[in-house]
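Protein sequences, first through last, are from chains C, W and E. When the count follows the numbering used here, it moves up by one through the first sequence with no breaks and lands on 275 for the last residue. When the count follows the numbering used here, it moves up by one through the second sequence with no breaks and lands on 496 for the last residue. When the count follows the numbering used here, it moves up by one through the third sequence with no breaks and lands on 131 for the last residue.
Just so you know, these hints were derived from the structure itself, not from any lab. Just so it is clear, CB atoms sit at the ideal spot from N, CA and C, and this is done for glycine as well. Please note that a few of the clues may not be correct.
[Said to hold, decoys possible] Residues from chain W shown here face chain E by an in silico Cβ test under 8 Å; the list is partial: (1) W25; (2) N27; (3) F134; (4) V138; (5) A152; (6) E155; (7) R157; (8) P159; (9) L163; (10) I185.
[Unchecked claim] Computed list of lysine to aspartate or glutamate pairs in EDC-like fashion (alpha-carbon distance at most 20 Å, straight line): (11) C:K110 with C:E193; (12) W:K56 with W:D455; (13) E:K130 with E:E3; (14) W:K357 with W:E456; (15) C:K2 with E:D122; (16) E:K131 with W:D455; (17) C:K114 with C:D22; (18) W:K56 with W:D77; (19) E:K59 with C:E193; (20) E:K131 with W:E300; (21) W:K109 with C:D125; (22) C:K114 with C:D132; (23) W:K359 with W:E493; (24) E:K130 with W:E493; (25) E:K130 with W:D455; (26) C:K270 with E:D81; (27) C:K194 with W:E364; (28) W:K357 with W:D77; (29) E:K131 with W:D481; (30) C:K270 with C:E122; (31) W:K359 with W:E103; (32) W:K357 with W:D455; (33) C:K2 with E:E123; (34) E:K11 with C:D126; (35) E:K130 with W:D77; (36) E:K59 with E:D81; (37) C:K47 with E:E120; (38) W:K28 with C:E122; (39) C:K136 with C:D125; (40) C:K2 with E:D81.
Residues per chain are reported as follows:
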Amino acid sequence: MKIIGLIITIITGAFLVYAAADFPAWSDPNSPASTYLSPYFIENSMKDTSVPNFVTSLLADYRGFDTMFETTVIFTAGLVCFILLRISGRKEPETSHYRHVLTGVTVTLKEGRKIPASEDFERIDDLWTPPDLIIKTGCRLMIPFIQLFALYVIAHGHSSPGGGFQGGVILGASIILLAISHDLRTALERMREKVVAILCPVGVAIYAGTGTLCLLLGLNFLDYSALASVLHVDPIAARSHGILMVEIGVGIAVMTTMIWIYNNISSAGKYNQGL
Amino acid sequence: MSQQYPALLVIVPLLSAFAISIAGWVNKRLCFPIIVTALSVAVYASVGLLLTVLEKGVVIYHLGGWPPPVGIAYYVDHLNGLVLVVVSLVALLNVIACKKSIEQEFPDKAAPFYTLYLLMVTGLLGIVVTGDAFNLYVLLEIAALTGYGLLAMGEERAPLSTLNYLYMGTIGACFYLLGVGYLYIVTGSLNMVDIARLLPPLYQSRAVLAAFIICMVGVWLKMAFFPLHAWLPNAYTHAPSAASSLIAPLVTKVMVYVMIRLILTIFTPEFAFATLALNNIVVWLAVIAIVMGAILALAERNLKRMLTFIIVAEVGYMVGGAWLGNRAGMTGAILHIANDALMTLCVFLVVGNIVYKVKGYAFENLQGLFRKMPFTMGAFVVGAMSIIGVPPTCGFFSKWYLILGALQAGHYGFMAALIFSSLVSVVLFFRIFEICYYEPFSDHHGHDHPPEPMDEAPPLMVVPLLIVAVILILVGLYTGDIVNHIIKFAIPEGLV
Amino acid sequence: MAELIPTIIAKYNYWIYITLMMIGLYAMIAKNNLVKKIVGMNIFQTAIILFYVSIGVKKGATIPISAGGHGAVHEAVHAADYLNPLPHVLMLTAIVVGVATLGVALALALRIYSRYNTLEEDEILAQIRKK
């Protein structure tokens with residue numbers, strides 16, 4: 001297999017090197033890619049959409065349709081991880097372990113019996129290790145600031161590098177940090193499974209719904225200037241607001257998908273203590 | 001509203017997928033009505049689009065209101081319109097027929113399954129209707145990812161087969177992306193019609209040649225063209241029956257559509273056939289694909305796996321027909337996209353019914369089925385006749401055009417392969433008819449025992465199957481109309 | 001030969017991406033462990049992303065955000081001052097697709113591990129054949 005792999009790789013590599021011979025040189029300002037279509041975006045982004053960040057206006061307005069399907073791809077990944085891994089919660093394990101917080105005594109209950117939730121006993125699993133106090137406290141202090149920064153990144157996607165995807169990942173990372181530093185059950189108490197699973201399609205539906213609203217208001221799909229009548233602004237500002245709306249949808253979808261994928265993969269579908 | 005059909009075609013299934021995903025957590029019984037409604041709207045919109053194209057010519061839809069090449073444009077012509085109708089019809093009939101089988105195989109994950117199903121149909125419809133090369137890549141990945149999820153839900157060996165499919169599929173999609181990148185470097189545009197306009201002065205450059213070959217290899221990987229077909233039999237056999245009867249008819253045919261779109265629209269036939277001299281090599285590869293598919297199908301003792309090798313052979317027909325370089329061959333290839341989707345749906349729905357009732361698809365499980373499930377096996381006979389190529393089913397007519405094209409191009413090897421595979425299909429299917437017709441010997445020698453009672457699958461599974469069988473015959477009878485009114489205009493006049 | 005060296009140096013971004021791509025492709029074909037194949041797939045996709053991003057570079061240009069900010073609606077914007085934003089946008093999509101594929105591949109690998117208790121492909125095939 002290694003020899004076949006080597007042969008295929010060398011042939012393909014040689015073919016690609018042969019084809020790269022008449023490519024434009026590195027950072028050539030006169031290449032067709034830099035002179036044919038992109039000057040339109042750079043020169044007209046402020047005029048058409050009043051968004052200074054050309055990447056955001058290109059991503060969410062000119063080629064917004066691609067971005068909608070990209071968000072759908074993210075949602076699909078979360079859904080596939082869920083459908084493949086999630087073991088239905090109905091089949092509870094027979095023995096469950098509880099630990100008395102103050103004394104450290106472990107209590108094992110057989111045949112599916114449970115202790116009602118209380119401050120004194122916490123639920124643990126086979127591979128439990130005591131979480132470090134410094135890590136727990138440090139992460140708890142940092143998480144609100146991380147989330148604030150994420151909201152800043154989403155909101156300022158118009159005028160600085162940022163946007164829905166980046167902000168959504170940071171938001172998701174804040175909840176995953178909670179799951180890593182404490183354990184998965186703590187994060188699941190904050191963001192329940194059902195909330196995550198419903199918010200994810202809601203996020204993408206905000207994107208598609210904005211586009212459908214434009215369609216119902218008479219113009220083509222995802223033509224944000226149709227929102228001018230709803231938002232009572234001129235069409236150019238309506239484009240800017242439309243971009244913000246879809247970015248929020250993207251942020252929600254990405255955040256919930258990151259959390260969903262982490263929940264499913266780290267616990268192999270069982271939603272117990274996680275990593 | 002009718003000028004919004006191109007958008008509605010894709011948006012309604014997409015939004016319904018999200019609705020089903022949310023409804024799955026609230027009330028599971030809403031899922032099936034939502035999916036049937038969404039797919040019916042898709043069928044309605046695609047038929048409406050085809051009728052508009054037949055009346056007025058090409059339909060162009062600007063997404064976001066931006067004209068191409070600034071924005072993304074949807075571009076519906078005769079080729080598109082036909083494939084759209086086929087895709088949406090197959091998806092609708094399949095979901096109605098597979099409701100019971102989904103409830104039997106994984107009742108607690110039915111809602112996510114329907115969501116993935118609708119997202120896959122959205123991806124496939126989007127691939128067919130788009131006019132932008134990069135948008136096609138994104139939709140290709142949606143169809144691929146949902147496909148992996150659907151296929152991996154099957155029996156024990158399903159995750160490994162799906163992982164192997166994932167590796168090959170990702171390489172294929174990445175090669176397509178690389179080819180689009182090369183086209184972008186030399187032209188600066190991503191819109192298909194725009195690239196076709198900008199390419200002719202550049203036909204002699206190495207980059208365009210490389211872009212063509214890389215795009216082709218990527219698409220061949222995803223359609224399981226020999227020698228890149230190794231993933232298909234395993235992936236489709238171990239999948240749940242609802243997933244395999246959606247994916248097997250549609251995914252490879254949509255990839256053949258993408259290949260034909262690359263040949264006819266982006267790189268015009270002058271480049272693909274004349275400037276490049278690859279015709280012969282590709283047609284011989286197609287010949288090997290057909291022969292190999294037929295022979296490997298003979299070796300199988302398992303009905304579903306045998307049918308997947310027949311799919312490999314059918315892909316060989318379509319690729320060989322398209323690359324023959326003449327009008328009859330291309331007509332045969334395009335007609336075979338529609339016909340093969342319907343034939344494959346028919347036989348895979350039969351397998352789904354058999355699995356639902358008998359819980360197995362090896363040859364040993366098939367004994368006595370003609371008496372137990374007469375309607376299902378009747379439809380299987382029609383599907384088998386179509387795969388063999390017996391008139392008046394549609395399979396005969398597409399083979400006819402392919403043989404005509406082979407004669408015109410002087411490629412007797414391809415014609416021989418087509419006839420060889422028809423003969424092998426006769427052996428394959430009559431072997432199954434024999435097993436299904438004769439019941440196992442009973443223990444009472446000499447006593448006559450009452451005949452086996454009819455134990456047919458529920459009507460929700462049988463009625464769509466019979467509809468598909470009737471459509472196979474109808475499409476065969478109306479082939480002349482389809483070719484003269486639709487396919488004739490899908491091929492540019494330059495191709496003789 | 002003398003004019004080959006400047007050509008090779010001028011297009012160095014293409015040689016880098018081709019090398020990375022071939023490393024990824026070799027890992028996917030030749031390695032036995034499923035996770036190593038997934039890593040190879042990631043390297044392969046990343047090489048294509050680097051290729052696209054390297055197309056958008058222009059000599060002397062700055063990042064594609066208008067220097068005047070929100071207030072500069074009426075200033076003229078010169079395309080030569082800013083990088084080409086289109087490859088960046090396309091690659092945002094490609095990165096997301098890559099992450100999604102990685103997630104699905106890892107979920108499949110987890111399922112395979114829980115069934116066969118190994119991630120080496122030859123051992124899995126041996127177990128299947130023994131059945």
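Each hint tested on the structure:
1. W25: violated, 20 Å
2. N27: Status violated, d = 27 Å.
3. F134: holds, 6 Å
4. V138: holds, 6 Å
5. A152: For A152 of chain W, the interface hint holds, since the closest Cβ of chain E sits about 6 Å away, which is under 8 Å.
6. E155: Violated - the Cβ of E155 of chain W stays beyond 8 Å from chain E, reaching only about 11 Å at its closest.
7. R157: Hint holds; R157 of chain W Cβ to chain E Cβ min 7 Å, cut 8 Å.
8. P159: holds, 4 Å
9. L163: Because about 5 Å separates L163 of chain W from the closest Cβ in chain E, which is inside the 8 Å limit, the hint holds.
10. I185: holds, 6 Å
11. C:K110 with C:E193: Distance of about 26 Å is beyond 20 Å: violated.
12. W:K56 with W:D455: Violated. K56 of chain W to D455 of chain W sits at ~50 Å, over the 20 Å cutoff.
13. E:K130 with E:E3: violated, 61 Å
14. W:K357 with W:E456: With Cα atoms ~8 Å apart, K357 of chain W and E456 of chain W stay inside 20 Å; holds.
15. C:K2 with E:D122: Measuring from Cα to Cα gives roughly 14 Å; hence the hint holds.
16. E:K131 with W:D455: violated, 32 Å
17. C:K114 with C:D22: violated, 71 Å
18. W:K56 with W:D77: Between K56 of chain W and D77 of chain W the Cα gap is close to 10 Å, so the pair holds against 20 Å.
19. E:K59 with C:E193: violated, 49 Å
20. E:K131 with W:E300: holds, 18 Å
21. W:K109 with C:D125: Cα-Cα ~26 Å, so violated.
22. C:K114 with C:D132: violated, 27 Å
23. W:K359 with W:E493: Between K359 of chain W and E493 of chain W the Cα gap is close to 51 Å, so the pair fails against 20 Å, i.e. violated.
24. E:K130 with W:E493: violated, 58 Å
25. E:K130 with W:D455: Given that 20 Å is the threshold and the Cα spacing comes to 36 Å, the pair is violated.
26. C:K270 with E:D81: Cα-Cα ~53 Å, so violated.
27. C:K194 with W:E364: Status violated; Cα separation ~45 Å.
28. W:K357 with W:D77: Outside the cut-off at roughly 43 Å; violated.
29. E:K131 with W:D481: violated, 53 Å
30. C:K270 with C:E122: Roughly 18 Å separates the two Cα atoms, so the pair holds.
31. W:K359 with W:E103: Since the Cα atoms of K359 of chain W and E103 of chain W sit roughly 14 Å apart, the hinted pair holds (cutoff 20 Å).
32. W:K357 with W:D455: Roughly 8 Å separates the two Cα atoms, so the pair holds.
33. C:K2 with E:E123: This hinted pair holds, its Cα atoms lying about 17 Å apart.
34. E:K11 with C:D126: Between K11 of chain E and D126 of chain C the Cα gap is close to 56 Å, so the pair fails against 20 Å, i.e. violated.
35. E:K130 with W:D77: Not satisfied, since the Cα-Cα distance of roughly 53 Å exceeds 20 Å.
36. E:K59 with E:D81: holds, 9 Å
37. C:K47 with E:E120: violated, 57 Å
38. W:K28 with C:E122: Violated, because 33 Å separates the two Cα atoms, which is more than 20 Å.
39. C:K136 with C:D125: This hinted pair holds, its Cα atoms lying about 19 Å apart.
40. C:K2 with E:D81: Answer violated: K2 of chain C to D81 of chain E is near 48 Å, above 20 Å.
The structure is inconsistent with the numbered hints 1, 2, 6, 11, 12, 13, 16, 17, 19, 21, 22, 23, 24, 25, 26, 27, 28, 29, 34, 35, 37, 38 and 40, although it conforms to all the rest.
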